[in-house]
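K.L.:
Take a look at the letters that make up each chain.
Protein chains: 2
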Amino acid sequence: MAEINRLSLNQITLANWSVSHAVEACVRHGIPSIALWRHKIEEAGLASCVRSVKDAGLHVSSVCRGGMFPSATAASRQKNLEDNYRAVDEAGALGADCLVLVVGGGAEVGLVDARKMVADGVAALAPYARQHGVKLGLEPLHPMYAAERSVLVTIGQALELASAYAPHEVGVVLDVFHIWWDPQVFPMIAQSQGRIYGFHVSDWLVPLPDLLLGRGMMGDGIIDNRMLRLAVDRAGYDGPIEVEIFNRVIWDTDPDQVLQQMVARFIAFV
Amino acid sequence: MAEINRLSLNQITLANWSVSHAVEACVRHGIPSIALWRHKIEEAGLASCVRSVKDAGLHVSSVCRGGMFPSATAASRQKNLEDNYRAVDEAGALGADCLVLVVGGGAEVGLVDARKMVADGVAALAPYARQHGVKLGLEPLHPMYAAERSVLVTIGQALELASAYAPHEVGVVLDVFHIWWDPQVFPMIAQSQGRIYGFHVSDWLVPLPDLLLGRGMMGDGIIDNRMLRLAVDRAGYDGPIEVEIFNRVIWDTDPDQVLQQMVARFIAFV
Chain C
33 MAEINRLSLN
43 QITLANWSVS
53 HAVEACVRHG
63 IPSIALWRHK
73 IEEAGLASCV
83 RSVKDAGLHV
93 SSVCRGGMFP
103 SATAASRQKN
113 LEDNYRAVDE
123 AGALGADCLV
133 LVVGGGAEVG
143 LVDARKMVAD
153 GVAALAPYAR
163 QHGVKLGLEP
173 LHPMYAAERS
183 VLVTIGQALE
193 LASAYAPHEV
203 GVVLDVFHIW
213 WDPQVFPMIA
223 QSQGRIYGFH
233 VSDWLVPLPD
243 LLLGRGMMGD
253 GIIDNRMLRL
263 AVDRAGYDGP
273 IEVEIFNRVI
283 WDTDPDQVLQ
293 QMVARFIAFV
Chain A
33 MAEINRLSLN
43 QITLANWSVS
53 HAVEACVRHG
63 IPSIALWRHK
73 IEEAGLASCV
83 RSVKDAGLHV
93 SSVCRGGMFP
103 SATAASRQKN
113 LEDNYRAVDE
123 AGALGADCLV
133 LVVGGGAEVG
143 LVDARKMVAD
153 GVAALAPYAR
163 QHGVKLGLEP
173 LHPMYAAERS
183 VLVTIGQALE
193 LASAYAPHEV
203 GVVLDVFHIW
213 WDPQVFPMIA
223 QSQGRIYGFH
233 VSDWLVPLPD
243 LLLGRGMMGD
253 GIIDNRMLRL
263 AVDRAGYDGP
273 IEVEIFNRVI
283 WDTDPDQVLQ
293 QMVARFIAFV
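Chains as they are written, first to last, in my numbering: chain C, 33 to 302; chain A, 33 to 302.
Because the hints were derived from the structure by calculation, they are not lab data. Warning: the hint list may mix true and false statements.
Any copy will do: because identical chains look the same in the list, a pair fits if it lies in one copy or spans two.
Calculated pairs, SDA-like style, for lysine to any residue (alpha carbon to alpha carbon, straight line, at most 25 Å) [unchecked claim]:
#, residue 1, residue 2
1, Lys-111, Ala-155
2, Lys-148, Val-238
3, Lys-111, Trp-49
4, Lys-148, Gln-216
5, Lys-148, Gly-188
6, Lys-148, Phe-218
7, Lys-148, Met-259
8, Lys-86, Gly-124
None of these values were measured; they are calculated from a predicted model.
Chain C extracted, bound-state conformation (with noise of 0.2 Å):
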């Protein structure tokens, strides 16, 4: 099994709770990272969540999410851009150990249109980034998201993405709700050795009851999350394992029976 002090609590996984709650949970449950969003951030003001975390001596796994690059005009793509310097700000304040890009989706421009505004939208952010001393983890998303969320879908396009810069500065994010379906999971994994910023665990239910909200606790669905974070250690990655989980249900549970049936399922099967 995994170390449980690689666990980390993607706060999406709360939905309802604001980031000192979410803060205080993970303390109460012995969670030693955490990884925040940024509507939650903005929410708490970016200050308070920085003494927040500080306070409570948690590790900042990622702060999630830059990226939505693609738009129709260069006014709307610029505007992007600086939101996404802003995330850069909030991922370098935290400390956090990449911020997430999820890099936006087809549905507005094109597929091929989509594709190459990413792929400008990480050159110009990368100087920032760099600057600020905050690594970028490119999250390859299910093809179900092709349309609206992002034009990356599999490890090996995100790899490509990410070659084109220092392996410190542009990197992956792996999260196995996204990848277990490719039949390249495992040499692309190893692959990505060196440019691994970060693991999400989660489920695949059968069947899935929503496009969005469907995902499951780790042990509920078809999903090999042992094997597939096996893997990811053996290209090198050591860092937090966040669970991300989006899930009506579970977002009208009780939190704190959600974090003990969490942290008990990463133990059986992560």
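For this one, chain C is given, so just place chain A on it according to the hints.
P.N.:
Here is chain A on its own, set in the frame of chain C:
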């Protein structure tokens, strides 16, 4: 635009109609080909379907579907295989261009074993299909169906499996809904040259209303049907182009209205 004489109605687009009603509708709307589903063939009886398409002068582009190989016990896998022999018989009797194989998902036995059972299933079926002059068309499905319907999720993976057989015995069926997101889609279509047994069009609606019943009419979503059709043409495929749409709203619409729109959209977008 694609020649209208390449248009084929995949019967599932009019899911509420029997084979004979669908056949009559094709004649009424000048659609020269049809693809039949096995549960509809069973309803009408094979002999009656053979007469029906012959009398109408229709070409049968495919029979949907064989496959579904993975299962937990040898006995149930054998039962699946025998069902596949019947599917070959039906495709042979109807003179279909191919039997479409939706190979089955990984939920019951896990991804690794399921992939092996699929390879074994195709190996067991291929000699029987060869004897009966029926081509087996492996259809890679969208990765969101990997758990329940198909562990074959990319063209590359389907081609690799097909490559163990002669090009006129086992090939691939390319459906835009399943392949559009793939960053490798154009090189992989080119690599399919000589093994493309079918091409299916529809659209990916944004947002996708449903995992199963969310497909749209060509022109209503994000897929560039024409660009994909041109790529398939360049790879040497000049056979029927099936319109295959699983969509509750379309199923509840007057079928003649659907077919009228289908012909117009085929001309405009394929």
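K.L.:
When the structure is checked against the list of hints, which entries are broken? Sort them ascending.
P.N.:
Violated hint (a single one): 3; every other hint is consistent with the structure.
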